[in-house]
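Undergrad: Could you build the full structure based on these sequences and the hints that come with them?
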Amino acid sequence: MLQSRAASVTLPTDPVIIAVGALYFLICGAIALWALRQTRSAGDFFLAGRRLGPWTLAISVMATTLSGFIFIGGPGLLYSVGSGALFISLSAAITTPLSAWVLGLRMRLLGEARSLLTVPDAIRVRYRSPRAQGLAAVAILVAIVGYVATNFLALGLVVDALFHTGRMPGIVIGAVAVLAYSATGGILAGVYTDVFQGLVMAAASVLVFLAALHSGGGMAEISRTILSHDPGLLGPWGSFSPLAALSLFFVFGLGTLGQPHVLHKYYMLRDVVKFRWYPLMMTVALLVSLLLFLGVGLAVRARVLAGDLSPLASPDDATPTFLLRYTSPWLAGLVFSGVAAAIMSTVNSFLNVGAAAIMHDLPRSLGRPVGDELRTGRRWTVVLAVLATALALLSGSLVVFLGIFGWGLFASTLVPSLAIGLNWPGATRAGAEASIAVGLVGTLVLESLSYFRIYRFPTGVSIAGLMLVVSLLTFVIVSWVTGRRAAEDLDPDVRMIMEV
Amino acid sequence: MTRQGVALGGVVLGAGLIGGAYALAWRHAGAPVSAAWLMAVGSALLLAGTLLLGSGRRRAPIITFCAGFLVVVIVFGFGLALLLPVESATGPLWLGLPRRIGLVITLLVLVPLLVLPVAYARDFGGEFPDQQRLDRLRDALRTAGKSPPGRSVE
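Protein chains in written order, with my numbering: chain X, 12 to 511; chain L, 8 to 161.
Check each hint, because a few of them may be wrong.
Here chain X is said to cover these stretches of chain L; the calculated rule only asks that three of the stretch's residues, wherever they fall, bring their Cβ under 8 angstroms from a Cβ of chain X [unchecked claim]:
1. 16 to 29
2. 43 to 57
3. 84 to 90
4. 109 to 115
5. 138 to 146
Listed next, the stretches of chain X that the computed footprint assigns to chain L, with coverage defined by at least 3 CB atoms under 8 angstroms from CB atoms of chain L [said to hold, decoys possible]:
6. 97 to 109
7. 224 to 231
8. 481 to 492
Taking beta-carbon pairs under 7 angstroms as the criterion, some of the chain X residues facing chain L (in silico) [said to hold, decoys possible]:
9. S234
10. S239
11. F261
12. V284
13. L460
14. F463
15. I465
16. P469
17. V472
18. L477
19. D504
20. E510
Derived by calculation from the structure, the hints in this document are not laboratory data. Note that CB positions come from ideal geometry on N, CA and C, so glycine has one too.
TA: Quick look at the structure:
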């Protein structure tokens, strides 16, 4: 979404903004160099050596979860549709504890007991099904290529806005910067740059939120200004229908349990006992980083309605316009570094998960595991990044299409077999394979019909939500039909972990 | 009905209600308000059912409480947003926002933030009070990993 609507994001040539942006990239580079020296095995490259503490895990997951959307597209959406935009992040305080209860500890223990490397590994072990692992890897790859390409486009815009490089060179510079640490240090480099990037994001978010409140005379005054001109914007659904807003809550609430770049990080925790406080740390970090989304969207809308600002040419101008008008250049530089941070941390995780799907999951599902997983993983990281960069440079509208359905595809293919299947002994291999296949094919077909305007879905119907429901029901029904001895077929250690 | 049956029933019923909400949107006149109610109740049941499934074979009263808590805050929060009258420009504010969206944020974000992570920490602390408990589980997992499928590990 950031990419599709952010073409007008521009900042003036200001040495302070450029210096802050350059400092940010230098620090990322220094962390990557350090991590490169620590990466000696496939376990380091894909699992950060299983040595993360709870704070590192929490901030890294937060940085990975939030893309640039939360800094640019999110405030823009709030500016244009009002309160309805908040439903994207309304489940933030619920999903992390839910994910920890349902998946966190089980995936961590399963990863340790079976030396798992990837999320599809957990599916193979749970159902003793290489086919389910292969299907999950295909779904992950389809979603990731578009997601990464979309994020490279967005990163190109940010690099251009900071350094005035032009959009195409910006894409290449951004891609090279991410690839430099993704291909050398893998997820180990990614996690520690995530921590730095997450801190930048949180600091930028709090400072800009305070500036937003100050600019409008406080939240109450901002609300009064909007209510006196356009009260519908601050109704609970904004300009969405109630069904559309609630559908966002459902998709982002349950869909979070199927995001592989987040679930993958559960394998990396060093000390399982420290997992106790992870949900609190992660939820607080997430909500702090969402403050900018709320503050800027409403403050800019109030200033426009009050006549202090001209109406925006594009909703995505909300954050840059606010920064230039109401904050200092160093804070503008910090926020744009925060946007770059959000994008880079997400891309690094996706590249790592995608490379693992190609070099680990697909060969294993075909019964042909590769030998040197570290070297092969690095190679495939480069290949994926080059492919995504080429897509971003050459095929704008296709990239937007591919980027749109990533979240929904992850949700419809992975939520049933993981969130339900790792907790329900009655789930069967046939149920898992059917739900992943239905989620993959159904999402691709329906999103294509909608994107190419062959069929128009009614207002309020989310394809991601619809396919999540269809995939869930497929999983349960097929498992019921095929599952007379499902619980007895579980491997003993897997069953023990499911009973924890 | 077993605890797991109730949880799975919540998941299936919730998914069915959400499917029903989407189906209503295909009506010629568009989605009625009842579709929003179905979506709210369906989401609550689906999330609570999934959480309840996560308790494994434990009794886990904290998880049962949190599942019930989720149903209440989601249905109550969104129900208030659907039922309360539209605000005027001079009406009362909540957290500096119009009452309905202020209540939604309070019930769906702030109250769960105070309850769920703390409940998780208490539940986790009860299950794994120290490293020894975890080490015993690891030993049992190593033994179980050497057993053939279908064998009970108890």
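Undergrad: Examine the region 109 to 115 of chain L for residues whose CB is less than 8 angstroms from any CB of chain X, and state whether their number is three or more.
TA: holds (count 3)
Undergrad: Close enough to count: is the Cβ of I465(X) nearer than 7 angstroms to one in chain L?
TA: violated (17 angstroms)
Undergrad: Is the hint on P469(X) kept, meaning its closest Cβ partner in chain L is under 7 angstroms away?
TA: holds (4 angstroms)
Undergrad: Do the numbers back the hint for F463(X), that is, is its least Cβ distance to chain L under 7 angstroms?
TA: violated (20 angstroms)
Undergrad: In terms of beta carbon proximity below 8 angstroms, does the region 138 to 146 of chain L have 3 or more residues touching chain X?
TA: Our answer is that it holds, as 4 residues pass the Cβ test (under 8 angstroms) against chain X, meeting three.
Undergrad: Against chain L, run the beta carbon of L477(X) and see if the smallest gap drops under 7 angstroms.
TA: holds (5 angstroms)
Undergrad: With a cut-off of 7 angstroms on the beta carbons, see whether V472(X) makes it to chain L.
TA: holds (5 angstroms)
Undergrad: With a cut-off of 7 angstroms on the beta carbons, see whether S239(X) makes it to chain L.
TA: holds (5 angstroms)
Undergrad: Given that the region 481 to 492 of chain X was listed as covered by chain L, double-check it with a C-beta distance under 8 angstroms for 3 or more residues.
TA: holds (count 4)
Undergrad: Would the stated hint for V284(X) survive a check requiring a Cβ distance to chain L of less than 7 angstroms?
TA: holds (6 angstroms)
Undergrad: Closer than 8 angstroms, Cβ to Cβ, for at least three residues: run that test on the region 97 to 109 of chain X against chain L and report holds or violated.
TA: n = 9 at 8 angstroms, threshold three: holds.
Undergrad: Let me know if the C-beta of S234(X) comes in closer than 7 angstroms to any C-beta of chain L, holds or violated.
TA: holds (5 angstroms)
Violated hints for the displayed structure, listed by number in ascending order: 13, 14 and 15.
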